[in-house]
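Novice: With the hints as constraints, model all of the structure from the sequences given.
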Amino acid sequence: GNSVTQMEGPVTLSEEAFLTINCTYTATGYPSLFWYVQYPGEGLQLLLKATKADDKGSNKGFEATYRKETTSFHLEKGSVQVSDSAVYFCALGTRGGGSNYKLTFGKGTLLTVNP
Amino acid sequence: NAGVTQTPKFQVLKTGQSMTLQCAQDMNHEYMSWYRQDPGMGLRLIHYSVGAGITDQGEVPNGYNVSRSTTEDFPLRLLSAAPSQTSVYFCASSYLAGARTNEQFFGPGTRLTVL
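Here the protein sequences come in this chain order: X and Y.
Each residue of the first sequence is one higher than the last, beginning at 1 in our numbering.
Each residue of the second sequence is one higher than the last, beginning at 1 in our numbering.
Hints are computed from structural coordinates only; laboratory data are not their basis.
Treat the hints with care, since some could be wrong.
With a Cα cut of at most 25 Å, we get these calculated DMTMM-like pairs of lysine to aspartate or glutamate [unchecked claim]:
hint, chain 1, residue 1, chain 2, residue 2
1, Y, Lys9, X, Glu42
2, X, Lys56, X, Glu8
3, X, Lys60, Y, Glu103
4, X, Lys107, Y, Asp26
5, X, Lys107, X, Asp84
6, X, Lys107, Y, Glu103
7, X, Lys60, X, Glu76
8, X, Lys52, Y, Glu30
9, X, Lys56, X, Glu16
10, X, Lys52, X, Glu16
11, X, Lys56, Y, Glu103
12, X, Lys102, Y, Asp56
13, X, Lys52, X, Glu76
Selected chain X positions facing chain Y (in silico; Cβ < 7 Å) [said to hold, decoys possible]:
hint, residue
14, Pro40
15, Gly43
16, Thr51
17, Arg95
18, Gly108
Covered by chain X, according to a simulated footprint, are these stretches of chain Y (three or more residues, beta-carbon under 8 Å) [unchecked claim]:
hint, segment
19, 78-84
20, 106-113
Bear in mind the structure is a predicted one, so any value in this text is a computation, not a measurement.
All C-beta atoms in this analysis are idealised placements derived from N, C-alpha and C, irrespective of residue type, glycine included.
Specialist: Put into structure tokens, the structure is as follows:
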């Protein structure tokens, strides 16, 4: 079956520090890969995505590259801000037979950025 | 556009009570789904629908019913609430065409406590 393993954290950084959150996956077929972010008290929103091998997704200074050879999709940001404090979820999207479409999520990583 | 809306935001039930969590979207999305979020578990798929009149089970469907009479609405019913159903529930929607690569839009969530 499909699964996502991500660094569980919590991760605590100082402002302007470099961020890496590791994500690896197991999937049948050819998944799309996503990072979603959940700010306190809110629902999830898409941060970035990549739909094929070697694609790089980027948004708001965050980046992640779809590495098929290592089945990874690590999230990075060069200089974090206090406003980046949130829970980050790695997810893979697959489509089975017919209309069976599913997002499989990792457990989430809580990031706290201190001023 | 309101996006994906969910009501109520908070709910407390007693064991054995029934209730319906409401979800609506105004983006004309064919695909709608319900997830539950538990600490350390990420999000798990409960039920999903690919259009009016069509629903199917996800990863953790037991104890929940759904129906889809319109494109806009996708209510989740708890028939006889149990403490194990204490969780945060998220509704999500997306276009079905190219579903493997599509962003899913999430509602703000319903926090349910079963005593």
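Novice: Now, for every hint given, state plainly whether the structure supports it.
Specialist: Right, here's what the structure says about each hint:
no. : hint                : verdict
1   : Y:Lys9 - X:Glu42    : holds (11 Å)
2   : X:Lys56 - X:Glu8    : holds (23 Å)
3   : X:Lys60 - Y:Glu103  : holds (17 Å)
4   : X:Lys107 - Y:Asp26  : violated (29 Å)
5   : X:Lys107 - X:Asp84  : holds (18 Å)
6   : X:Lys107 - Y:Glu103 : holds (19 Å)
7   : X:Lys60 - X:Glu76   : holds (11 Å)
8   : X:Lys52 - Y:Glu30   : holds (24 Å)
9   : X:Lys56 - X:Glu16   : holds (22 Å)
10  : X:Lys52 - X:Glu16   : violated (30 Å)
11  : X:Lys56 - Y:Glu103  : holds (16 Å)
12  : X:Lys102 - Y:Asp56  : holds (11 Å)
13  : X:Lys52 - X:Glu76   : holds (18 Å)
14  : Pro40               : violated (12 Å)
15  : Gly43               : holds (4 Å)
16  : Thr51               : holds (4 Å)
17  : Arg95               : holds (4 Å)
18  : Gly108              : holds (6 Å)
19  : 78-84               : violated (count 0)
20  : 106-113             : holds (count 4)
In terms of the numbered hints stated before, the structure departs from hints 4, 10, 14, 19, listed from lowest to highest.
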